[in-house]
Amino acid sequence: MSESAHATFLGRALELAAEGQTAPNPHVGAVIVRDGVIVGEGFHSHAGAAHAEIAALAAAGDRARGATLYCTLEPCNHHGRTPPCTEAIVRAGITRVVIGCRDPKSHAKMPGRDHLRARGLEVIEGVREDEARELVADFATVALLGRPLVELKSAVTLDGRTATRTGDSKWITGEHARAEAHRLRAHADAILTAIGTVLADDPRLDARLAPTPLSDRKPVRVVVDSALRTPETSQLVTTARTQPTWIAHAPDASVDRATSLASHGVTLLPIDRANDGGGLDLTLLLRELARRDVMRVLVEAGGRLAGALLDAELVDRAAIFVAPVIVGDQEAPGLATRARPPLSLASAVHLERAVGTTHGIDMLVRGHVRTLRW
1 MSESAHATFL
11 GRALELAAEG
21 QTAPNPHVGA
31 VIVRDGVIVG
41 EGFHSHAGAA
51 HAEIAALAAA
61 GDRARGATLY
71 CTLEPCNHHG
81 RTPPCTEAIV
91 RAGITRVVIG
101 CRDPKSHAKM
111 PGRDHLRARG
121 LEVIEGVRED
131 EARELVADFA
141 TVALLGRPLV
151 ELKSAVTLDG
161 RTATRTGDSK
171 WITGEHARAE
181 AHRLRAHADA
191 ILTAIGTVLA
201 DDPRLDARLA
211 PTPLSDRKPV
221 RVVVDSALRT
231 PETSQLVTTA
241 RTQPTWIAHA
251 PDASVDRATS
261 LASHGVTLLP
271 IDRANDGGGL
281 DLTLLLRELA
291 RRDVMRVLVE
301 AGGRLAGALL
311 DAELVDRAAI
321 FVAPVIVGDQ
331 EAPGLATRAR
341 PPLSLASAVH
351 LERAVGTTHG
361 IDMLVRGHVR
371 TLRW
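No gaps in the numbering here: position 302 of the sequence shown is 302 in my numbering, and each next residue is one more.
A few of these clues could be false.
[Stated by the list, open to error] Here are the in silico distance ranges between beta carbons for each label pair:
1) 4 - 167: 49 to 55 Å
2) 259 - 160: 38 to 44 Å
3) 120 - 21: 34 to 40 Å
4) 131 - 259: 46 to 52 Å
5) 348 - 268: 34 to 40 Å
6) 160 - 231: 28 to 34 Å
7) 35 - 125: 20 to 26 Å
8) 259 - 168: 34 to 40 Å
9) 87 - 370: 35 to 41 Å
10) 168 - 45: 41 to 47 Å
11) 61 - 360: 45 to 51 Å
FYI, nobody ran anything at the bench for these hints, they're computed from the structure.
Computed from a predicted model, the values in this text were never measured in an experiment.
Backbone N, C-alpha and C define an ideal beta-carbon position, used for all residues, glycine too.
With these hints in hand, go ahead and build the complete structure from the sequences.
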C-alpha cells in the first residue's frame with residue numbers, strides 16, 4: 001500500500017481519536033483496512049472503556065484476518081485496566097500495523113512495536129507523526145514531566161492590553177472569538193485562574209458557548225487563592241456542585257474560611273508556598289492536578305499568574321486572541337507580568353509552529369511555547 005494511503009487511513013484514525021474524553025488515558029483512534037477498504041473503526045472513549053484497537057477489532061470481526069491496523073499510538077503491551085492490545089491484535093490475524101507515534105510511557109519490558117515484530121507482524125512507524133504526537137501531548141507531559149500540559153489563553157488588544165486601567169475588559173473580542181474560547185475550555189480538563197480575576201470579573205468559566213455536545217463538558221475550575229478570599233457568593237462557588245471548583249491555598253489560610261467554602265461543595269487544595277515565600281508553588285500545584293487525573297490545563301488569568309507560569313517554564317502552549325482595538329495606555333494591564341523579564345527579543349518567549357485563524361473580526365494565534373519530544 002502506498003505512503004499516501006497509509007497517511008489517509010491514519011488520518012481517519014486521528015479524527016476518531018479526537019472524539020474521546022479519556023483523562024488520565026491518551027486519546028487513541030484505530031482503523032482496520034482490508035483490500036483498501038475500511039472494515040472496522042474504534043476510539044478510546046473514556047478511562048476504563050475498551051482501547052481503540054479492541055473496539056476496531058470488534059467492529060471488524062473476521063474481516064480483520066490478513067488486514068492492516070492503523071493506530072495513532074503504539075499498541076500497549078502490558079496489563080493495566082485491560083489486557084495487552086498486542087495479543088488481541090495477533091489473535092485477530094492482523095498482518096501489518098501502522099503507528100502514528102510511539103508510546104511516551106514505558107509500561108513493559110518489551111514495547112508494543114517490538115512485541116508485534118517478534119510475533120511476525122510488519123510494523124510501520126511515524127506516519128503523520130507530528131499530528132499523532134500532538135494528540136497525546138497532554139498524556140506525554142504527565143508521563144514524562146509529572147504535570148499536566150499547560151496552555152495559556154488570553155485576549156488582547158492590538159497594543160497588547162487585556163483591559164483598561166480601570167479593569168474594563170468586557171468584551172475585548174467579539175462573539176465568534178468567545179465561542180472559540182469556550183471550545184478551548186471544553187477540551188481542557190481544568191481551567192486555571194487566580195483570585196484577582198475572580199474578584200474583578202466573577203467568571204463562570206464554563207463551556208456554554210461551545211458547539212454541542214462540547215458545551216455540555218464541565219472542566220474543573222481551579223483558583224489560585226493563597227488566603228482563601230474567594231467570595232461564597234461568586235459564581236464559581238455557587239455552581240461548585242454542578243461543575244467542580246477547586247481552590248488552591250496556602251497551608252496557613254483560615255480554617256474557618258476553608259470549612260465554609262467546603263460546605264458549598266468546593267474542594268480545597270493546600271499547596272506550599274514557593275521558596276521565595278511569595279505565592280503558591282505552581283509546580284507543586286500542577287503536580288497535584290496531575291495526581292487528580294488532570295492532563296490538560298487552560299489558564300485564564302491576569303498578567304501576574306501568567307508571568308509566574310512563564311518564569312517557572314510551566315507553559316507549553318499559548319492561545320492568544322487579538323482584537324482590532326487600541327487602548328493606548330501604558331498603565332493598562334498586559335498579557336503577562338514577569339518577575340524576570342527578558343532584556344532582549346532573542347530571550348523573549350517565541351511561539352513555535354504558530355498558526356493564525358480568524359474568528360469574526362478577531363485573530364487567534366496558537367503555538368508551542370515548548371515542545372516535548374520522546
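Each hint, compared with the structure:
Between residue 4 and residue 167 the C-beta distance comes to about 54 Å, which sits within the given range of 49 to 55 Å. At roughly 41 Å, the beta carbons of residue 259 and residue 160 sit within the given window of 38 to 44 Å. For residue 120 and residue 21, the Cβ-Cβ distance of about 36 Å falls inside the hinted range of 34 to 40 Å, so the restraint holds. For residue 131 and residue 259, the hinted distance range of 46 to 52 Å is satisfied, since their beta carbons lie about 48 Å from each other.
For the pair residue 348 and residue 268, the beta carbons lie near 37 Å from each other, so the given range of 34 to 40 Å is met. In this structure, residue 160 and residue 231 meet the distance hint of 28 to 34 Å, their C-beta atoms being roughly 30 Å apart. A C-beta distance of roughly 23 Å is found between residue 35 and residue 125, which places it inside the suggested range of 20 to 26 Å. Residue 259 and residue 168 have their C-beta atoms about 35 Å apart, which keeps the hinted 34 to 40 Å range intact.
In this structure the hint that residue 87 and residue 370 lie 35 to 41 Å apart at CB holds, the actual value being about 36 Å. Checking the proposed 41 to 47 Å range against residue 168 and residue 45 shows it holds: the Cβ atoms sit about 43 Å from each other. About 47 Å separates the C-beta atoms of residue 61 and residue 360, a value consistent with the hinted range of 45 to 51 Å.
Violated hints: none; the structure is consistent with every hint.
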